[in-house]
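Student: If you read the protein sequences in the order shown, they are chains G and A.
Using my numbering, you'd call the opening residue of the first sequence number 4 and step up by one each time.
Using my numbering, you'd call the opening residue of the second sequence number 4 and step up by one each time.
If you're looking for bench data, these hints aren't it; they were derived computationally from the structure.
Hints should not be assumed to be uniformly reliable.
So the derived list for chain A, only partly shown, Cβ under 7 Å to chain G, looks like this [claimed, not checked]: (1) 23; (2) 27; (3) 30; (4) 32; (5) 33; (6) 195.
Across the chosen pairs, the derived CB separations fall in these ranges [unchecked claim]: (7) G:242 to A:142: 41 to 47 Å; (8) A:378 to G:339: 36 to 42 Å; (9) G:298 to A:320: 57 to 63 Å; (10) G:250 to A:338: 41 to 47 Å; (11) G:242 to A:297: 40 to 46 Å; (12) A:297 to G:216: 41 to 47 Å; (13) A:378 to G:297: 35 to 41 Å.
Pairs of lysine-lysine residues, derived as DSBU-like cross-links and limited to a Cα-Cα distance of at most 35 Å, are as follows [unchecked claim]: (14) A:219 to A:273; (15) A:335 to G:242; (16) G:73 to G:341; (17) G:242 to G:219; (18) A:73 to A:219; (19) A:219 to G:242; (20) G:242 to G:341; (21) A:219 to A:242; (22) A:219 to G:273; (23) G:273 to A:341; (24) A:273 to A:73; (25) G:219 to A:73; (26) A:73 to A:242; (27) G:242 to A:341; (28) A:242 to G:219; (29) G:73 to G:335; (30) A:273 to A:242; (31) G:242 to G:273; (32) A:242 to G:341; (33) G:219 to A:341; (34) G:219 to G:273; (35) G:335 to A:242.
Every residue, glycine too, gets a C-beta built ideally from N, C-alpha and C.
2 protein chains.
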Amino acid sequence: MTPQSVGFVQPQRMQFDEPLPLRSGAQLRQYELHYETYGQLNAERSNAILVCHALNASHHVAGVYEGQEKSEGWWDNLIGPGKPLDTNQFFVIGINNLGSCFGSTGPMHANPATGQVYGADFPVVTVQDWVDAQARLLDRLGIGQLAAVLGGSLGGMQALDWSLRYPERMRHCIAIATAPSLSAQNIAFNEVARRAIITDPDFHGGHFYAHGVVPKRGLRVARMIGHITYLSDDVMEQKFGRQMRAAELGYSTQDIEFQIESYLRHQGDKFSEYFDANTYLLITRALDYFDPAREHGGDLSRTFAQARCKYLLASFTTDWRFSPARSREIVKALLDNKLDVSYAEIDAPHGHDAFLLEDPRYHGVLRAYFQRIAGELA
Amino acid sequence: MTPQSVGFVQPQRMQFDEPLPLRSGAQLRQYELHYETYGQLNAERSNAILVCHALNASHHVAGVYEGQEKSEGWWDNLIGPGKPLDTNQFFVIGINNLGSCFGSTGPMHANPATGQVYGADFPVVTVQDWVDAQARLLDRLGIGQLAAVLGGSLGGMQALDWSLRYPERMRHCIAIATAPSLSAQNIAFNEVARRAIITDPDFHGGHFYAHGVVPKRGLRVARMIGHITYLSDDVMEQKFGRQMRAAELGYSTQDIEFQIESYLRHQGDKFSEYFDANTYLLITRALDYFDPAREHGGDLSRTFAQARCKYLLASFTTDWRFSPARSREIVKALLDNKLDVSYAEIDAPHGHDAFLLEDPRYHGVLRAYFQRIAGELA
Chain G
4 MTPQSVGFVQ PQRMQFDEPL PLRSGAQLRQ YELHYETYGQ LNAERSNAIL
54 VCHALNASHH VAGVYEGQEK SEGWWDNLIG PGKPLDTNQF FVIGINNLGS
104 CFGSTGPMHA NPATGQVYGA DFPVVTVQDW VDAQARLLDR LGIGQLAAVL
154 GGSLGGMQAL DWSLRYPERM RHCIAIATAP SLSAQNIAFN EVARRAIITD
204 PDFHGGHFYA HGVVPKRGLR VARMIGHITY LSDDVMEQKF GRQMRAAELG
254 YSTQDIEFQI ESYLRHQGDK FSEYFDANTY LLITRALDYF DPAREHGGDL
304 SRTFAQARCK YLLASFTTDW RFSPARSREI VKALLDNKLD VSYAEIDAPH
354 GHDAFLLEDP RYHGVLRAYF QRIAGELA
Chain A
4 MTPQSVGFVQ PQRMQFDEPL PLRSGAQLRQ YELHYETYGQ LNAERSNAIL
54 VCHALNASHH VAGVYEGQEK SEGWWDNLIG PGKPLDTNQF FVIGINNLGS
104 CFGSTGPMHA NPATGQVYGA DFPVVTVQDW VDAQARLLDR LGIGQLAAVL
154 GGSLGGMQAL DWSLRYPERM RHCIAIATAP SLSAQNIAFN EVARRAIITD
204 PDFHGGHFYA HGVVPKRGLR VARMIGHITY LSDDVMEQKF GRQMRAAELG
254 YSTQDIEFQI ESYLRHQGDK FSEYFDANTY LLITRALDYF DPAREHGGDL
304 SRTFAQARCK YLLASFTTDW RFSPARSREI VKALLDNKLD VSYAEIDAPH
354 GHDAFLLEDP RYHGVLRAYF QRIAGELA
């Protein structure tokens with residue numbers, strides 16, 4: 004456990020029996036949401052901060068699980084007593100999204116209508132559906148208005164959607180390394196990853212659980228592609244460059260020659276051991292579909308006319324997946340609506356992954372912003 | 004047939020019975036090279052230009068095959084009577100490289116030692132091996148010194164290698180949209196493509212011919228990945244953006260929603276119908292291995308100390324596969340050696356693919372340079 008950790012944490016779960024209507028027209032009749040909380044809700048119930056997760060993450064945002072080594076939450080460097088998001092001041096909630104493979108109802112669970120595992124029949128979920136489900140959880144926790152919604156990447160899209168559709172329920176939106184929609188290139192990478200999974204003979208149309216197999220080949224390739232896009236060209240060059248595994252070339256097309264190959268294969272192998280193929284498809288589709296301006300003729304400024312909260316946007320210079328230019332599109336739309344917006348473009352070498360790392364300038368910006376929010380609580 | 008076409012062309016073949024030693028330590032005992040020529044060799048045998056091909060190409064560089072629609076060579080827009088590389092002035096030779104699936108000896112052919120199809124047993128070939136084989140073909144054609152060696156991308160690497168190892172056999176090296184070696188990110192993309200092919204159950208360790216199958220799933224994914232890296236983010240955005248296939252969202256993870264998905268799947272399908280999986284592995288490995296500075300402690304300037312010819316380098320601003328910065332590394336190394344070098348950084352939107360397209364500024368630069376070479380012939 005690191006110093007300033009929130010310590011041992013335990014996931015919680017909440018069952019929902021009222022159906023959740025989805026954007027697709029389908030509905031989830033019953034579902035369960037897994038979540039964790041850190042810090043204390045104050046008497047005014049005004050210090051809650053919701054953290055939304057990205058592709059490969061969950062409700063386990065901070066702290067560790069007792070008896071499990073290396074079980075730090077995925078944003079543990081940010082959240083804890085005395086950390087930039089200070090749990091001495093804030094009540095932090097991490098929620099696992101519907102369709103996930105980490106606890107909340109998803110394709111690995113049984114469909115109450117049939118008693119069979121959902122598999123590929125789990126309904127397509129969107130960022131809006133996730134946000135609606137999150138709002139219901141907050142209702143049950145008795146939290147009317149959040150101090151802030153915080154997220155990076157796909158999590159940032161959820162934070163933006165919150166600010167558009169639940170403007171009265173939050174005071175701040177903190178969206179990091181995100182975009183107002185995916186570009187054609189972003190969708191293209193998602194599509195290749197999906198094709199790798201779907202065309203893996205072990206996928207069985209998404210009903211592989213019944214066959215006792217897992218489409219690991221496809222998951223590996225999907226993760227390798229993803230990983231390339233999370234890192235900057237520069238950081239890959241610095242970390243791996245053309246380093247060979249052995250002193251001499253092996254002249255093989257199938258064996259590992261370069262360290263970067265070894266690294267990517269390892270990432271792919273690890274991922275294929277724990278991630279669900281149907282979840283991967285669902286989450287990449289949620290990314291593809293996110294496009295709040297679509298209902299406003301593509302006009303992002305008009306889209307944000309309905310927003311009310313204050314915003315912090317941050318992006319990273321070497322992020323080529325969701326480049327600073329995409330964050331600036333959002334900042335411009337917010338400014339067009341005379342909204343209160345702070346924006347930090349952080350010169351960090353790590354590409355898209357930077358939003359998960361502990362960069363002093365980046366964490367400094369977040370610390371200052373959370374202190375501003377804390378000041379408003381007093 | 005376009006105006007200014009070289010017209011109907013026919014591939015030629017040449018058999019070699021002296022073994023070719025390869026960088027790997029293996030050798031090819033016998034092999035055949037396929038090639039095409041356009042224009043006339045002059046009496047002084049001084050106007051020959053060799054064109055080296057990249058990943059997905061062949062000896063069929065210009066002209067058309069009689070009776071075959073849409074059979075234009077892959078650089079037909081550049082080469083012909085009155086075109087930038089004017090076949091009224093030059094004798095142009097296109098050679099298909101060893102390991103290819105388009106004619107020259109490769110994994111689909113029989114190993115003379117066993118009588119069996121090579122498949123995965125075809126030896127690993129390098130850029131240097133290709134260049135050595137090309138030099139032997141020129142010997143047989145009676146061409147001692149080339150006016151120029153020309154290539155783009157992997158073809159540019161061959162042109163550079165020619166200039167380093169056969170400095171007396173050429174007067175000009177024209178290397179377009181190339182690099183002195185692959186970056187970690189370049190290798191990473193190659194590796195993902197290879198894993199997609201190798202882990203396709205239909206690959207059978209590279210001996211799929213005997214099973215009567217083709218690892219099409221892997222080839223499709225490999226081609227889709229490649230295609231993303233050939234195009235710029237911008238041109239993909241302009242061409243496809245977030246265009247939907249239908250007016251309404253279909254809410255499906257497996258069906259096509261966006262036009263970019265349709266385009267990529269189509270490219271992948273087409274490729275898997277004609278390209279050989281073992282060739283794909285061999286050619287991407289040749290790319291990975293190319294690194295002439297390796298023998299010189301990574302010092303590119305020292306590497307080019309052995310060069311003698313004149314150079315034209317060209318790169319494209321939106322090429323993120325082989326960015327202008329990589330061409331500038333070469334230009335700097337050439338200038339460090341006080342070599343005669345021209346360099347054009349062309350503001351074109353098409354990414355890496357730009358080297359195959361007809362951009363007026365790009366073709367203008369090439370036309371001017373070939374006129375300079377033609378002037379030296381007089």
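Student: Which constraints among the numbered hints does this structure fail? Numbers only, ascending.
Tutor: 1, 3, 4, 5, 8, 9, 10, 11, 13, 16, 20, 23, 25, 29 and 33
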